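**Student:** With the hints as your guide, set chains G, X and V onto chain B.
First to last, the sequence lines map onto chains B, G, X and V. Using the working numbering, the letters of the first sequence map in sequence onto residues 1 to 342. Using the working numbering, the letters of the second sequence map in sequence onto residues 343 to 684. Using the working numbering, the letters of the third sequence map in sequence onto residues 685 to 1026. Using the working numbering, the letters of the fourth sequence map in sequence onto residues 1027 to 1368.
No lab work stands behind these hints: they were computed from the structure. Remember, predicted model here, so these are calculated numbers, not experimental data. Do not take every clue at face value.
One-sided and incomplete, this derived list gives chain B residues near chain G with beta-carbon spacing under 10 Å [what the hints assert, rightly or not]:
| no. | residue |
| --- | --- |
| 1 | F264 |
| 2 | D290 |
| 3 | R341 |
Quick reminder that beta carbons are idealized off the backbone N, C-alpha and C, glycines included.
Protein chains: 4
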Amino acid sequence: MVAKVSVVGAAGYTGSELFRLLVTHRGVNIVGAYGSKSAGKCISEIHPNLLGISDMRIEEPNYDKIGKEADIVFMATPHGLAMKSTPGVLKGGAKVIDLSADYRFDKLEIFEKYYGKHVSPGLKSVYGLPELYREKIKRADLVANPGCYPTAAILSLAPLIKSKLIDLNHIIVDAKSGTSGAGATPSEITHHPLAGANFLAYSATTHRHGPEIDQELSKLAGKEIKASFTPHLLPIIRGILSTAHVFLKKKMKKEEILDIYKKFYRKEPFVRIREVLPQINFVVGSNYCDVGVEIDADNNRAVLVATIDNLIKGAAGQAIQNMNIMLGLDEAEGLRDPGMRP
Amino acid sequence: MVAKVSVVGAAGYTGSELFRLLVTHRGVNIVGAYGSKSAGKCISEIHPNLLGISDMRIEEPNYDKIGKEADIVFMATPHGLAMKSTPGVLKGGAKVIDLSADYRFDKLEIFEKYYGKHVSPGLKSVYGLPELYREKIKRADLVANPGCYPTAAILSLAPLIKSKLIDLNHIIVDAKSGTSGAGATPSEITHHPLAGANFLAYSATTHRHGPEIDQELSKLAGKEIKASFTPHLLPIIRGILSTAHVFLKKKMKKEEILDIYKKFYRKEPFVRIREVLPQINFVVGSNYCDVGVEIDADNNRAVLVATIDNLIKGAAGQAIQNMNIMLGLDEAEGLRDPGMRP
Amino acid sequence: MVAKVSVVGAAGYTGSELFRLLVTHRGVNIVGAYGSKSAGKCISEIHPNLLGISDMRIEEPNYDKIGKEADIVFMATPHGLAMKSTPGVLKGGAKVIDLSADYRFDKLEIFEKYYGKHVSPGLKSVYGLPELYREKIKRADLVANPGCYPTAAILSLAPLIKSKLIDLNHIIVDAKSGTSGAGATPSEITHHPLAGANFLAYSATTHRHGPEIDQELSKLAGKEIKASFTPHLLPIIRGILSTAHVFLKKKMKKEEILDIYKKFYRKEPFVRIREVLPQINFVVGSNYCDVGVEIDADNNRAVLVATIDNLIKGAAGQAIQNMNIMLGLDEAEGLRDPGMRP
Amino acid sequence: MVAKVSVVGAAGYTGSELFRLLVTHRGVNIVGAYGSKSAGKCISEIHPNLLGISDMRIEEPNYDKIGKEADIVFMATPHGLAMKSTPGVLKGGAKVIDLSADYRFDKLEIFEKYYGKHVSPGLKSVYGLPELYREKIKRADLVANPGCYPTAAILSLAPLIKSKLIDLNHIIVDAKSGTSGAGATPSEITHHPLAGANFLAYSATTHRHGPEIDQELSKLAGKEIKASFTPHLLPIIRGILSTAHVFLKKKMKKEEILDIYKKFYRKEPFVRIREVLPQINFVVGSNYCDVGVEIDADNNRAVLVATIDNLIKGAAGQAIQNMNIMLGLDEAEGLRDPGMRP
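Chain B on its own, in the form it takes in the complex:
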């Protein structure tokens, strides 16, 4: 009745967040936690918030065993690892939700341009954005969980692009993320004395989430488009705010655009359309993606702001939402926390 799930990459931040959300999930049991560097340690040594909640020991991954013991396996590993182990896990009978980029791209050449050689390119996967691909996710064996920036950017733009109301040559996505997006490995850019009161643009025209956004926006547009994507690093831990600047083909009012969005997302449990622009602290701790819009009539510009918690809707929460869909559970199971504010 209760499904069995395993987490590979349990020592990282998305692994931590998967554990946090799964331990109170009523439809699943965690049967395995895996990792290489952390193998042999108790999960609560790595993630002290789990003390008294889980004393599971992290094991060196054995993908044969993993594929057989679990119904769903979360791959919360760095890019390049899932592509090696996923074929074996699938063979064992488990379904896979991969939180890395390995199976997100339709075109192999795009993946390889940005991430390097792929070793299992033939596998069929579904891009795990439930708002666009729910029906396919239901039947998928391998779900490629979207990147954090793409989740916010695509959800904020999908209705307007689909409705063919904007100039597709001038789509600017100026996005900002908290530092947890950089992962658990210390580096200079996330060293507190430098990051704590700083703000910066990084990979300003070359970030790997750019082609992922382009892939999905192109499918929505029905033609190849390239958004102008630039990410920035915020001195906060959690949260992404994506500001999309687009140019309307004709004069439109805020209310008209809001109506298009409300209609597009009317059945969605985790997208909220707001009358005011969403802030990061409207969603931190929750699985929501909040979207709002303002109009700049002088330039016929619409400013679309979306906010998510990058570790939840941008990673672990969305993975669990996908899992719920794959298991036929209530899509919101385990994801009902309204988020902390303040």
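**Tutor:** Leaving out everything else, chains G, X and V in the frame of chain B:
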């Protein structure tokens, strides 16, 4: 079957946190949200994280009605308000959990010295620290939910004081809190340009949580004692870390002290004794109080560090823990989130 | 030999910063500090960092006296005040550097659309951006110190606009500022529990710095243009980062653009062109505006990032730079601090 | 006329701060910047705030050369390095200001217990706290610049200990520091996702600044004493706040204690005694140590709070103050910035 609860003071930060935790609680329904300044507004206008989760409207409080409609009423109001309304609410038949200081003190003169005139001093209340008063809380009609600093300080000291192992004349509690403890009203001390990269001691020898700590430590000691309490303001939003410096009557090892603590709290669902000193991010988002100790053999000093989330174990979470006890529910219902880290 | 200066609005954050920089300036003496709400208080009661450095008392402003006693008067007052008092101050013989918006606009109707009725519209002023108007500033009696966002945005775009290399219809300025830009008055948006781990867009299509940017860019372009300006609030105290997205008319390399910028600013003491995109902590505490660029060849887009300390190059420092020019002093006098990092 | 100075360890945070303060100092010229890992790089590649200010190249240290070329050499190197190179530098004729712990201890066994084997234990050094040792510093060839915590703790306690008014067996120093004290090397404890909204005690009973504090307090007391020192890590970049809890032998008023402090420090350019407890943002960016006191009459306790900028009065600023004394310059030269607030 499912109990009915109301929140008075729904617009404040403890009101917000009560709502956040109660909307996913499986043993209760929220039947009323009350507040004066915010009356007429939707709860999600005040707390945007609740959009799509609750569209309850905040009403001007009518205490007759409130006492009759609910099984449990949370008073999340500023000090001085519950003392006026609680008698009426109790008369209506509801039980009351007061998150203010109004009913925390055994001695009227102490209350009035620190908080001013009391208008309903006769009412019988139980100090709502489950770790010390669980049995009384079960039978109480009026529970006085402890202050945030006292929760951390008392839990970190109770076992050692009870066991009579320390010098009672030199107990120093040097405590540090995030800014959410200051409440929802903007002021200079919490103005971001001043608070954002600052740290300061405030009410260094006069804070009103001092006598509350003294009351409970004195009962544990079996004699009147006065701890040396000094609070500080941290440039973070949530969390309290309390550092207690005490002097041992005889040489003791860390392990001996940890054993005393583990024994004292062995059945407690929300106190965790740690081998390493707890940090604030071990508990934020959870109802845990984590406690650790280090020994300074040169001075025969024990350093006891406790951390809590001031809005959860220090306020709303503890109130719900009390509610669960009063309703005969699993004490952890609605409080199982392991907390977010990072 | 040493000039006499006064500060009106000494209790605010730009007043504070003017004091901080002027007390160590070797070319001037502060002869008066003025303010209405703070009149009667010692400057170091309001700004505790000045204890032991200045014991000047803040006085109720008397503009006749102020105009006669000083050579230069800084008006660090809220918008709408300088326009009332400046004519009197000028009559007394002093020159005025106004840090508010009152004299920044060439067209009265633009000012009045965004700021309300002007009461001294006839006065001749110079827009105090030394990089564009140094010669006029030398001879000016009234300098309108630029807004903080416009300083960063204009400096980052001026060379490219002047050189007619970009599409003037799609200039996006997505800017981000620390909270000190909101001033010294506490409000909900800067209340630490909400601001401390947040990020948000505000006045996303209506901010009053938009028309100020447009005025200066239009003059550089030789035709009326409207940039698409959207500001955001960062959870840090000091610093602005402005990200401008522009579209090049022809393919260009980063080096070509950097050359244009280096040439344009070759004699400037406070503009640094960088090979890498500047970060906020490259400039905090200094009077520098740092500018860098990256090219998105796919979209023929240039991303221009500029960073300043909003209270220095964005306010008080630039005002002192203007003062130095007006007094014939070394332009960098009092402004040589390299800025603190970390 | 103008002295020549060199900085060894130019790539670290104290090296960075020395550069920042020395480039505008009117009494010295920097003639050399040294470092091993960073050798060959330009100083502004490592410290981007110095772009356009210094293009000095960092060299591999050659201590013969260094000792001959400079009048004063700053050793801003990790503990254990200065002890190897200082004898050679002194032989060359330069005076040395060592910012590490290598020459701070009077007793070799204490140093070696906490820091390991000493290789040049015979060298005569002066503890570089000008408020206690100014006359000796004037004549010293080797000054051991104090630790950051000891600077704040000693200055906050010296007058009361010297005046024999407190119980020497119960001196608690509960200190808190920003993350820049941890230096420039990234680690888990300073990784922003963990450090950014956290607070923790570390080395709670074993920190190496404890014996340094004890050494100086013992000399002031005229007998061996051991303070109870516990440091904590603040989620800010700069600043130390030290809270000392001491017990008075007799009842005393705040004013009496303030008088003792004002008298003790009456001639000091960088100690300010305040009527209110100092906050960290009263001193950040300045060389001041601010001290205040509150009395807890119930326990006869005095709470002494001191704040410093750990990189200035706690490191580079104090080193320059020592240099000014050694060179016979105005002690405040190069150190007059009032500090930034906000």
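**Student:** Would you mind marking each hint as holding or not holding in the structure?
**Tutor:** Structure-based check of each hint:
1. F264: It is violated, given that the least Cβ distance between F264(B) and chain G is near 16 Å, above 10 Å.
2. D290: holds, 8 Å
3. R341: R341(B) check passes; min Cβ-Cβ to chain G is 4 Å, inside 10 Å.
The structure is inconsistent with hint 1 alone, although it conforms to all the rest.
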